[in-house]
Amino acid sequence: KGRHGSRRMRPIVALALFCDSVRRERGGSDTIVGVLPDNMNIKETPAILPRLSLYIRLQFDPDVDVNPVSLFLRTPDGEMISLGVLAPEVFDRARRQAKENAKPYAGMIARTEMAPFQVIRPGRIDAIVKTATDEILAGHLTFKLSEESNSSPTEPPPPSSQSRGARKPIVKKLAPSRP
6 KGRHGSRRMR PIVALALFCD SVRRERGGSD TIVGVLPDNM NIKETPAILP RLSLYIRLQF
66 DPDVDVNPVS LFLRTPDGEM ISLGVLAPEV FDRARRQAKE NAKPYAGMIA RTEMAPFQVI
126 RPGRIDAIVK TATDEILAGH LTFKLSEESN SSPTEPPPPS SQSRGARKPI VKKLAPSRP
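In terms of my numbering, the sequence shown opens at residue 6 and continues consecutively.
Worth flagging that the hints you see were computed from the coordinates, not collected in a lab. Every residue, glycine too, gets a C-beta built ideally from N, C-alpha and C. Please note: incorrect hints may appear among the correct ones.
As the list claims (entries may be wrong) - Straight-line Cα separation of at most 30 Å, DSSO-like style, residue types lysine-lysine; simulated pairs:
| hint | residue 1 | residue 2 |
| --- | --- | --- |
| 1 | 104 | 135 |
| 2 | 135 | 108 |
| 3 | 48 | 149 |
| 4 | 135 | 149 |
To be verified - Beta-carbon label-pair distances, calculated as ranges:
| hint | residue 1 | residue 2 | range |
| --- | --- | --- | --- |
| 5 | 48 | 102 | 45 to 51 Å |
| 6 | 29 | 150 | 33 to 39 Å |
| 7 | 152 | 92 | 41 to 47 Å |
| 8 | 152 | 31 | 43 to 49 Å |
| 9 | 42 | 107 | 37 to 43 Å |
| 10 | 72 | 32 | 26 to 32 Å |
Let's have the full structure, built from the sequences with the hints guiding it.
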């Protein structure tokens, strides 16, 4: 049992949302735009999404050092694309603040944007959080070939002439913050 009479949480819990974009607001909050469903229809492969954003919320036991923490995107082929390493000092600050405020867990948020994002083939992509001792599936998105000839709201636009040849997404710098 933990400090508050309930079961202790796992050393780290992670939840990832795939979306169109994440906007950082002036007051420090985030606006998540266009959260994607678990399955996304595409007409053909390769397909280009103008951008794919990822919002990851991490909660962790302030009494456990989970460092180092890295974020990855696993492709349907099993390739691991690094999205970055979260700074240990950010975790240490969150742990310290959680202890000072007698919170049962510490937390932080990481955001990243991949633009353009090319879907090479149908299948599932996974948002993975790796710690020194654990690998956590934080979220996933499955691309399916649409059997319909009509376009659906979740289908990306056809590839543009400007994005030909792009094999890997351009990943903007990982932006961690406190929740």
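Starting from the hint list further up, note which numbers the structure goes against and sort them upward.
none
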